[in-house]
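J.: Top line first, the protein sequences correspond to chains A and B. Taking the numbering used here, the leading residue of the first sequence gets 1, the next gets one more, and so forth. Taking the numbering used here, the leading residue of the second sequence gets 240, the next gets one more, and so forth.
Hints listed in this document are in silico derivations from the structure and should not be mistaken for laboratory results. Small disclaimer: the values here were computed from a predicted structure and weren't measured. One thing to keep in mind: the hints can contain errors.
Within a straight-line C-alpha distance of at most 30 Å, the following computed BS3-like cross-link-like pairs (lysine-lysine) qualify [unchecked claim]:
| id | chain 1 | residue 1 | chain 2 | residue 2 |
| --- | --- | --- | --- | --- |
| 1 | A | 25 | B | 251 |
| 2 | A | 84 | A | 25 |
| 3 | A | 84 | B | 244 |
| 4 | B | 251 | A | 26 |
| 5 | A | 213 | B | 244 |
| 6 | B | 244 | A | 14 |
| 7 | A | 14 | A | 118 |
| 8 | B | 251 | A | 140 |
| 9 | B | 244 | A | 212 |
| 10 | B | 244 | A | 146 |
| 11 | A | 25 | B | 244 |
| 12 | A | 234 | A | 118 |
| 13 | A | 212 | B | 251 |
| 14 | A | 146 | B | 251 |
| 15 | B | 244 | A | 66 |
| 16 | A | 38 | A | 234 |
| 17 | A | 66 | B | 251 |
| 18 | A | 84 | A | 234 |
| 19 | A | 234 | B | 251 |
| 20 | A | 131 | A | 25 |
| 21 | B | 251 | A | 213 |
| 22 | B | 251 | A | 84 |
| 23 | B | 244 | A | 95 |
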Amino acid sequence: MDVIFRVRRFDGEKSYWSDFVIPAKKGMTVLEGLYYIKENYDGSLAFRASCRMGICGSCAVKINGKPVLACETQILHLNSTTIKIEPLDNFEVIKDLVTEFDGFFTKHEAVKPYLIRKEDRYSEPEELIQKPEQLYAYYKYSLCIKCGACYSVCPASSSRDDYLGPAAMTAAYRFIADSRDEGDGERMQIVCGDCGVWRCHFAAECSEVCPKKVEPAKAVQKLRFRSAIYMLEKFFIRW
Amino acid sequence: MRWLKWFEFRGKSLFHISYSLHRLTGIVLVIYLVMHLSYLTSIRIGREVYEYFTSTTLTPAFLIFDILLVLAGVYHGVNGLRLILHEFGLGYELRRPLLYLCYLLTLVLWLYASYQMYLFVMGV
């Protein structure tokens, strides 16, 4: 079955649409379709991809208006003869489907997404034991692949550049909820700030589009509750 | 005009539409509040002015605006309660049924309020 790929192109100056006919077969993914274009029609088509199995999060694009992983989306499952492929929203487009992720990763880095211990004894390392329920408290949030799908649909991120965004908030919650972590204070200072959790207005669209079902909206709301308690504690301790 | 992105619906779910409607109804209510306070303040100019203003709002022609205003108010209130619940970290797993319940409640309350307003304005 022939399917038309309408790809949003950008050459650094102007934006336009290009149409390509793809001979779609059962099981063929949109990413394979993009490779087909690159190999047979236009070698200049730019897109990101790496693992081709929904692990790396590189190939997130907007397909028929919805952000998804191109490698996990089968062409025939879309039930459409014309498929619109666009770069993710809320990101600056570099070329065609390739967007600038520097800002996204800077925000991710800002929430200190690593275990913080008060004392690191590298000379005498000790095992940090966790019970299963302690693992389940954060496990789901650790599955984020940083594809940027949640960030691209977040209305708070679209109207403010400095908002940290759902992915960074989820990463912050993932470590705050981790029983081995001792960096609550440092991280809370960041997430309670002007660009933190209070900018979220619970559109919950991030959870709807997450390809890994990480539920960033839930993480943000849980983080909000914790930040409210943290801010109250800080207020009363000061007085 | 980045705030216009609040109203981009293509490819978005009912959650995003609810968010956009919440913003829109919020703006409508702010405009209404300004109008309402202006009408009330008109009594400082004179009783006749105030009565002229208020009498225009009690006409059958104005009823349609009142009904739409009530829809905006009821939706904003009911959806606001849903958001407060979620923002306290409660009922997240039930977010979809709660969203449907929010729309159902809005519809029922709006129809009831509209009926009562109709009876009042028509003097039935």
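J.: Hint by hint, note whether the structure agrees.
T.: The hints, checked one at a time:
1. A:25 with B:251: 28 Å, holds
2. A:84 with A:25: It holds: about 18 Å lies between the C-alpha atoms, which stays within 30 Å.
3. A:84 with B:244: Cα-Cα ~20 Å, so holds.
4. B:251 with A:26: This hinted pair holds, its Cα atoms lying about 27 Å apart.
5. A:213 with B:244: 24 Å, holds
6. B:244 with A:14: 21 Å, holds
7. A:14 with A:118: Not satisfied, since the Cα-Cα distance of roughly 52 Å exceeds 30 Å.
8. B:251 with A:140: Distance ~24 Å between residue 251 of chain B and residue 140 of chain A Cα, so the pair holds.
9. B:244 with A:212: 25 Å, holds
10. B:244 with A:146: Given that 30 Å is the threshold and the Cα spacing comes to 22 Å, the pair holds.
11. A:25 with B:244: Between residue 25 of chain A and residue 244 of chain B the Cα gap is close to 36 Å, so the pair fails against 30 Å, i.e. violated.
12. A:234 with A:118: At roughly 20 Å apart (the allowed maximum being 30 Å), residue 118 of chain A and residue 234 of chain A satisfy the hint.
13. A:212 with B:251: 18 Å, holds
14. A:146 with B:251: 20 Å, holds
15. B:244 with A:66: Holds, at roughly 15 Å.
16. A:38 with A:234: 56 Å, violated
17. A:66 with B:251: 7 Å, holds
18. A:84 with A:234: Violated - the C-alpha atoms of residue 234 of chain A and residue 84 of chain A are around 50 Å apart, more than 30 Å.
19. A:234 with B:251: 39 Å, violated
20. A:131 with A:25: Given pair residue 131 of chain A, residue 25 of chain A is violated - Cα atoms ~47 Å apart, limit 30 Å.
21. B:251 with A:213: Answer holds: residue 251 of chain B to residue 213 of chain A is near 16 Å, not above 30 Å.
22. B:251 with A:84: Roughly 15 Å separates the two Cα atoms, so the pair holds.
23. B:244 with A:95: Holds - the C-alpha atoms of residue 95 of chain A and residue 244 of chain B are around 22 Å apart, at most 30 Å.
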